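Asker: Please take these sequences and the hints and turn them into a complete structure.
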Amino acid sequence: MSIKKSLILSLALFFVLTLTFSSAAEELVLWHTSFTSEWSGLDETVNFFENNTNLDVSTDYGPPLYRDISQQFIVQAKTGNPDVVEGVLEQMFTYAKAGLIMPLNDFWKGYEDKDQYLDNVMDAVTIDGEIYAIPYNTNVRLLLYRKSIFEEYGLEVPTNWDELVETASYISENVEGMDGFMFTTKEREVRAFQEFMSFYLQLNKSMFDVSGENVKVTATVDQLEEVLNLYDKMFSSGAISMDNRGADWKALDYGYTSGNQAMVTVGPWIWSHRYEDEARAEVIDDTGIAAIPVNKNGTPGTYMEVKPIMINKYTDNPEKAWNLVKEVTNKDFQLLVDSNAGVLSPRKDVMAEPKMADNWWLQGFSKFADTGVALDPISWERPQNAIIGAIQEVIYDEGSPAEIAEKLHQELSDIAANL
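Those letters in the sequence shown? Residues -24 to -1, 1 to 395, by mature numbering (1 follows the signal peptide of the UniProt record, and there is no 0).
In case anyone wonders, no lab produced these hints; they're calculated from the structure.
Keep in mind it's a predicted model, so treat the numbers as computed, not measured.
Some hints here could point you the wrong way.
As a list, the in silico EDC-like pairs of lysine to aspartate or glutamate whose alpha-carbon atoms are at most 16 Å apart [as the list claims (entries may be wrong)]:
hint	residue 1	residue 2
1	K162	D219
2	K209	E163
3	K73	E189
4	K383	E106
5	K162	E369
6	K302	E128
7	K162	D44
8	K90	D325
9	K302	D32
10	K192	D352
11	K209	E2
12	K209	E26
13	K85	E252
14	K209	E252
15	K209	E295
16	K54	D292
17	K296	E106
18	K90	E303
19	K226	E189
20	K226	D292
21	K123	D32
22	K73	E106
23	K324	D95
24	K296	E3
Answerer: Given below as structure tokens:
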């Protein structure tokens, strides 16, 4: 080969590689569990986005589990990858505290759809006046129960914790092949923490006071003990099978829709299981929706979930990242995802659509939306792990609820001193 021809080929290869790397550098990376986790609307969601986006976005949409997203994002956010990340509210607080996500106030000011968002949901993604995310769905935890089982056995829907234990244990003992209830209790399982908070928030609408210079614990030992005592009674009475200790979200969601449990406390997303097969659809259609039973010493209150879409502070393309955020939170995209998942949208125009407004399931959840309580704006990773650890100590009989509550309160106090 002549030197001239070799030089021409080398230059051609150089330009190809340059264009390739340049294109890769311009490509946005989105991590979003609706594009990766197992659910009935997965393919439709991905296809809709990829057919309608005006941006160059990688088709690697990140880990399917929130705990894996959190761990990986904290480690690699400063590389600028991913540009946009979806999560849960407590993760947003953690990322904001660590300086890993971008305040969106400047973008929000000129956002043409900002008036469509509910004020209380936007308040939930705002810390000290800074908006850190755009929400794409919201929900509250409620009690789901099998109407046919309650009718057949002449049972009343429980309204307090004692009735919950009594009713669930009765079902476990008398209904063949069915447990009365189920909690998720797996280590580092975000749902386990959220379920705990759904009961705790009846006793105290906050866990930490962030109004002063130093964060302080507002939870009392007695309040923590009451919730942990409920977990102890639910397992020791047989209301929850001992075989389900350490269960994750899949075991709960798929267990309930398979007919294995008579009651669970979850959000509206479980609706999407109806599209998987006829048997699961029958369970959903046989489901009643009620407020979570309230402690005799408490008032109605439950965990309010807000799913935020955030921009990596270290992205190389803030403007393009903002355009990507708008694409995955716009009316059409939210209507598709939220209606398929059976969850509430934070957008008023989406909830006004017949597909949402005429849905008995969504209306059942929206009836109790005002009982939802947003979490305190702190980094929740360590408190969350401490709470799940306490739950596991109780259900594996590593101490009394009173002893473990005392220990948990001290651990939360130590964490607060370093927040």
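Asker: Is the Cα-Cα distance between K90 and D325 16 Å or less?
Answerer: At roughly 11 Å apart (the allowed maximum being 16 Å), D325 and K90 satisfy the hint.
Asker: Within a Cα-Cα threshold of 16 Å, do K209 and E2 meet the stated pairing?
Answerer: violated (55 Å)
Asker: Would the pair K73 and E106 pass a check requiring their Cα atoms to be no farther apart than 16 Å?
Answerer: Answer holds: K73 to E106 is near 12 Å, not above 16 Å.
Asker: Taking 16 Å as the top limit, are the C-alpha atoms of K209 and E163 close enough?
Answerer: violated (20 Å)
Asker: Given the hint that K192 pairs with D352, test it: the Cα-Cα distance must not exceed 16 Å.
Answerer: Holds: K192 and D352 sit about 11 Å apart, inside 16 Å.
Asker: Within a Cα-Cα threshold of 16 Å, do K302 and D32 meet the stated pairing?
Answerer: holds (14 Å)
Asker: Verify the proposed pairing of K226 with E189, using a straight-line Cα cut of 16 Å.
Answerer: Cα-Cα ~40 Å, so violated.
Asker: Would the hint linking K324 and D95 be met if the CA-CA limit is 16 Å?
Answerer: holds (11 Å)
Asker: Holds or violated: are the alpha carbons of K123 and D32 at most 16 Å from each other?
Answerer: Violated. K123 to D32 sits at ~48 Å, over the 16 Å cutoff.
Asker: If you draw a straight line from the CA of K383 to the CA of E106, is it 16 Å or shorter?
Answerer: violated (35 Å)
Asker: With the threshold set at 16 Å, check whether the alpha-carbon distance from K226 to D292 stays at or below it.
Answerer: violated (36 Å)
Asker: Starting from K162, check that the Cα of D219 is at most 16 Å away, please.
Answerer: It holds: about 12 Å lies between the C-alpha atoms, which stays within 16 Å.
The earlier numbered hints that this structure contradicts are 2, 4, 6, 11, 12, 13, 14, 15, 17, 19, 20, 21.
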